[in-house]
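Asks: So you can see what is in the structure, the chains are spelled out below.
Number of protein chains: 2
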Amino acid sequence: MTERMNRQWRLAARPIGTFKDSDFQWTQEPVPALKEGELLVHNQYLSLDPTNRGWANEVDTYLPAVKLGDVMRGGAIGVVEESRNPSFKAGDHVSGLLGWQEYAITDGTGLGKLPDNPAIPLTAYLGLFGHIGLTAYYGLLDVGQPKAGETLVVTGAAGAVGSLVGQIGKIVGCRVVGIAGSDEKCRWLTEDLGFDAAINYKRENVLEALKRECPNGIDVNFENVGGVILDSVLALINVGARISLCGLISQYNAAERVPGPYNLAMLIVRRARIQGFLVSDYMNRAGEAMTALGRWLMEGKIKYRVDVVEGLEQAPRAVNKLFDGSNQGKLVVKI
Amino acid sequence: MTERMNRQWRLAARPIGTFKDSDFQWTQEPVPALKEGELLVHNQYLSLDPTNRGWANEVDTYLPAVKLGDVMRGGAIGVVEESRNPSFKAGDHVSGLLGWQEYAITDGTGLGKLPDNPAIPLTAYLGLFGHIGLTAYYGLLDVGQPKAGETLVVTGAAGAVGSLVGQIGKIVGCRVVGIAGSDEKCRWLTEDLGFDAAINYKRENVLEALKRECPNGIDVNFENVGGVILDSVLALINVGARISLCGLISQYNAAERVPGPYNLAMLIVRRARIQGFLVSDYMNRAGEAMTALGRWLMEGKIKYRVDVVEGLEQAPRAVNKLFDGSNQGKLVVKI
Numbered sequence: 007m008t009e010r011m012n013r014q015w016r017l018a019a020r021p022i023g024t025f026k027d028s029d030f031q032w033t034q035e036p037v038p039a040l041k042e043g044e045l046l047v048h049n050q051y052l053s054l055d056p057t058n059r060g061w062a063n064e065v066d067t068y069l070p071a072v073k074l075g076d077v078m079r080g081g082a083i084g085v086v087e088e089s090r091n092p093s094f095k096a097g098d099h100v101s102g103l104l105g106w107q108e109y110a111i112t113d114g115t116g117l118g119k120l121p122d123n124p125a126i127p128l129t130a131y132l133g134l135f136g137h138i139g140l141t142a143y144y145g146l147l148d149v150g151q152p153k154a155g156e157t158l159v160v161t162g163a164a165g166a167v168g169s170l171v172g173q174i175g176k177i178v179g180c181r182v183v184g185i186a187g188s189d190e191k192c193r194w195l196t197e198d199l200g201f202d203a204a205i206n207y208k209r210e211n212v213l214e215a216l217k218r219e220c221p222n223g224i225d226v227n228f229e230n231v232g233g234v235i236l237d238s239v240l241a242l243i244n245v246g247a248r249i250s251l252c253g254l255i256s257q258y259n260a261a262e263r264v265p266g267p268y269n270l271a272m273l274i275v276r277r278a279r280i281q282g283f284l285v286s287d288y289m290n291r292a293g294e295a296m297t298a299l300g301r302w303l304m305e306g307k308i309k310y311r312v313d314v315v316e317g318l319e320q321a322p323r324a325v326n327k328l329f330d331g332s333n334q335g336k337l338v339v340k341i
Numbered sequence: 007m008t009e010r011m012n013r014q015w016r017l018a019a020r021p022i023g024t025f026k027d028s029d030f031q032w033t034q035e036p037v038p039a040l041k042e043g044e045l046l047v048h049n050q051y052l053s054l055d056p057t058n059r060g061w062a063n064e065v066d067t068y069l070p071a072v073k074l075g076d077v078m079r080g081g082a083i084g085v086v087e088e089s090r091n092p093s094f095k096a097g098d099h100v101s102g103l104l105g106w107q108e109y110a111i112t113d114g115t116g117l118g119k120l121p122d123n124p125a126i127p128l129t130a131y132l133g134l135f136g137h138i139g140l141t142a143y144y145g146l147l148d149v150g151q152p153k154a155g156e157t158l159v160v161t162g163a164a165g166a167v168g169s170l171v172g173q174i175g176k177i178v179g180c181r182v183v184g185i186a187g188s189d190e191k192c193r194w195l196t197e198d199l200g201f202d203a204a205i206n207y208k209r210e211n212v213l214e215a216l217k218r219e220c221p222n223g224i225d226v227n228f229e230n231v232g233g234v235i236l237d238s239v240l241a242l243i244n245v246g247a248r249i250s251l252c253g254l255i256s257q258y259n260a261a262e263r264v265p266g267p268y269n270l271a272m273l274i275v276r277r278a279r280i281q282g283f284l285v286s287d288y289m290n291r292a293g294e295a296m297t298a299l300g301r302w303l304m305e306g307k308i309k310y311r312v313d314v315v316e317g318l319e320q321a322p323r324a325v326n327k328l329f330d331g332s333n334q335g336k337l338v339v340k341i
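Chains A and B, in that order, give the protein sequences. Residue 7 is where the first sequence starts when you use the numbering used here, and the numbers rise one by one after that. Residue 7 is where the second sequence starts when you use the numbering used here, and the numbers rise one by one after that.
So that you can see chain A by itself, here it is in the shape it has in the complex (with noise of 0.2 angstroms):
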């Protein structure tokens, strides 16, 4: 066991704006023996997400700041090769903040264990069944509590979370409009997924288009971009407005502080509200979303899709798809 090499990702400095190759360092070590209480996990799929360029930097966010030198931090899909801790024997299928590594040893803290069943692909468990379902189901409808007959505006609505919460919105019964950065992602919205406008914020003023295709104005906005989009969507909101923060993806490679909305005094006006959150906190209710996500998935009325990247070393260039927006659904890299 001992000879076996594990090849890491480690963050060798923080980036400024996006990631850079030289913001890694390519290393290997040998696997070392298991403790007491321990298990080796062989990773097999690792998800890349946009709060990976947040963890990279020197201010802790709601985790602990990767330190420099550190396996950057990555949820992750293994199978337990071997286990000294009874909560896991080998071969169980686990999902957690295994890293950017080929092999990880752990106590089992914060590892969950995946149901056994073959109809559904692992990599499901970091998308549609993982981080990614719960962030869109509990985003949008604990937090931005969209009724039936509201105008939903989605944005980064191309992304993994944001595909998803426009075909929730549409279970629900609001107007959805979706704002991506491409034509062919806005084709996608309408055609495929069934949102009933989309926006390409690369050729439209957002403001004007958001005048045009949300003519009752919105009352629920799933924020994961910021910038001048919050600033559009905010100039909108109606009376009583939702606005479920999950991220703000315009800022997160900006080497300065980025200012918050222009638009902030529409909270006052229209008596509405922004209210951040993390899929972490949602974690106890994981069950209630699975099942309705499921059977939505079975019914056909959520469709859903993942960009399987090959190879653990091609990891940092990889990342900063989800940054350009050339992504396909659901970003992960094959180990």
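Hints should not be assumed to be uniformly reliable.
The calculated label-pair distances, taken between Cβ atoms and stated as ranges, are [said to hold, decoys possible]:
#1 A:Ala298 with B:Arg291: 18 to 26 angstroms
#2 A:Ala298 with B:Asn290: 31 to 39 angstroms
#3 B:Gln151 with A:Gly200: 34 to 42 angstroms
#4 B:Asp287 with A:Asp148: 46 to 54 angstroms
#5 B:Glu64 with A:Asn222: 49 to 57 angstroms
#6 A:Gln151 with B:Thr297: 27 to 35 angstroms
#7 B:Asp76 with A:Asn211: 48 to 56 angstroms
#8 B:Gly317 with A:Glu64: 33 to 41 angstroms
#9 B:Arg209 with A:Glu64: 41 to 49 angstroms
Stretches of chain B that chain A covers, calculated by requiring three or more beta carbons in the stretch to come under 8 angstroms of a beta carbon on chain A [unchecked claim]:
#10 243-255
#11 260-271
#12 276-285
The following residues of chain B were derived to be distant from chain A, with all beta-carbon distances above 12 angstroms [said to hold, decoys possible]:
#13 Thr57
#14 Thr67
#15 Ser89
#16 Pro92
#17 Asn123
#18 Asp189
#19 Gly232
#20 Arg291
It is worth saying that the hints were derived from the structure and are not from the lab. These numbers were taken from a predicted model, which means no experiment stands behind them. Virtual Cβ for every residue (Gly too), placed ideally from N, Cα, C.
Given chain A, work out where chain B should sit, using these hints.
Replies: Relative to chain A, chain B alone:
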């Protein structure tokens, strides 16, 4: 009756920055005869509020912008002199948006009749028993939802609303920290009103002072100010914090658009919310607040002061006391 003259302040120009004398025109016109359904109110006290500044801009807020040439909008209290409206009779005291003028003719829409209680000074209906008291009561209790043992930060704390909010926070059992603009105001907050601490934002770094005075972080923020102060609060909010957004006085006089908070991402990290509100939404629940505020006043649990400026002709200059911080309590003009 038609011989009597009505002196009025009309909006003459869109203000840039704080109000200037030239933004208003002092006019007079005869008081016309009443039509069926109308009543004539002799105004007695005019309420000056930060929101006056917003109403004077070209852009509509929660009310339509005041048109150039129109009598300046303002809350006021007066006595009915003559009535051809069956709901009001001569001698009734009323409050409503009667404007910056000596006499108002109205059909009674939006007008409230004041109780006939000689123990309560008329100015109280522009303050503690009016929109000020309701704003503090519902903005804190309904929107901010403070709980005993939590830390409440009140900005604009020496203002009419803020000073009440802090005292209600103490009644709830919070640690209350106020932010105000002079040492004298800070002393008033801590020595007379029972705030646990007060920070003079003109003399101290607000972020550092908040770290010192809020050792357990911030759970509730009653926000009147915005800008750097809101950013400092956001930096220190606890998980689940509620920011009750009442006003953004730091930007009402800005000639250019003012950016929102730089620390907006803290809403995600701390699963917190910013919620705007308008007191007008709580008018149908006024009784509950009045009863509680009246009881607390009689029990000596809240104190309240009024800053009376003599003479309607002083209104344009007096209103700027709200923005330079020189008012001492609820600002009213005795007409």
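Asks: For each hint, tell me whether it holds in the structure or not.
Replies: Status of the hints after comparison with the structure:
1. Here the CB-CB span from Ala298 (chain A) to Arg291 (chain B) is close to 36 angstroms, at odds with the stated 18 to 26 angstroms.
2. As the Cβ distance of Ala298 (chain A) to Asn290 (chain B) is approximately 37 angstroms, the hint placing it in 31 to 39 angstroms holds.
3. Distance hint check for Gln151 (chain B) and Gly200 (chain A): the Cβ-Cβ separation is about 37 angstroms, which falls inside the suggested range of 34 to 42 angstroms.
4. Range check, Asp287 (chain B) to Asp148 (chain A): about 23 angstroms between beta-carbon atoms, so the 46 to 54 angstroms window is missed.
5. Distance hint check: the CB atoms of Glu64 (chain B) and Asn222 (chain A) are about 25 angstroms apart, inconsistent with the given range 49 to 57 angstroms.
6. Look at Gln151 (chain A) against Thr297 (chain B): about 31 angstroms separates their beta carbons, and that is inside 27 to 35 angstroms.
7. The supplied range of 48 to 56 angstroms is broken by Asp76 (chain B) and Asn211 (chain A), whose beta-carbon atoms lie about 33 angstroms from each other.
8. Our hint of 33 to 41 angstroms for Gly317 (chain B) and Glu64 (chain A) is violated, since their Cβ atoms are close to 58 angstroms apart.
9. Take Arg209 (chain B) and Glu64 (chain A): their Cβ atoms lie about 31 angstroms apart, and the range 41 to 49 angstroms is violated.
10. Requiring three or more residues with a Cβ within less than 8 angstroms of a Cβ of chain A, the coverage given for the region 243-255 of chain B holds, as 4 such residues are present.
11. Coverage of a stretch by a chain is defined here by at least three residues with a beta carbon nearer than 8 angstroms to that chain's beta carbons; for the region 260-271 of chain B and chain A the count is 9, and the condition holds.
12. Requiring three or more residues with a Cβ within less than 8 angstroms of a Cβ of chain A, the coverage given for the region 276-285 of chain B holds, as 9 such residues are present.
13. Distance check for Thr57 (chain B) against chain A: the nearest CB is about 9 angstroms away, which does not clear 12 angstroms, and the non-interface claim fails.
14. Distance check on Thr67 (chain B): its Cβ comes as close as 5 angstroms (rounded) to a Cβ of chain A, failing to clear the 12 angstroms threshold; non-interface status is violated.
15. Here Ser89 (chain B) stays apart from chain A, with its beta-carbon at least about 34 angstroms from theirs, past the 12 angstroms limit.
16. The non-interface label for Pro92 (chain B) is consistent with chain A: the shortest C-beta to C-beta separation is roughly 33 angstroms, beyond 12 angstroms.
17. Residue-level check passed: Asn123 (chain B) sits 31 angstroms from the nearest beta carbon of chain A, beyond 12 angstroms.
18. Separation of Asp189 (chain B) from chain A is adequate, the least Cβ-Cβ distance of about 30 angstroms exceeding the 12 angstroms criterion.
19. For Gly232 (chain B), the non-interface assignment is contradicted: its Cβ lies about 7 angstroms from the closest Cβ of chain A, within the 12 angstroms cut-off.
20. Interface exclusion of Arg291 (chain B) from chain A stands, the closest Cβ pair being 14 angstroms apart, more than 12 angstroms.
Of the numbered hints listed earlier, those contradicted by the structure are 1, 4, 5, 7, 8, 9, 13, 14, 19.
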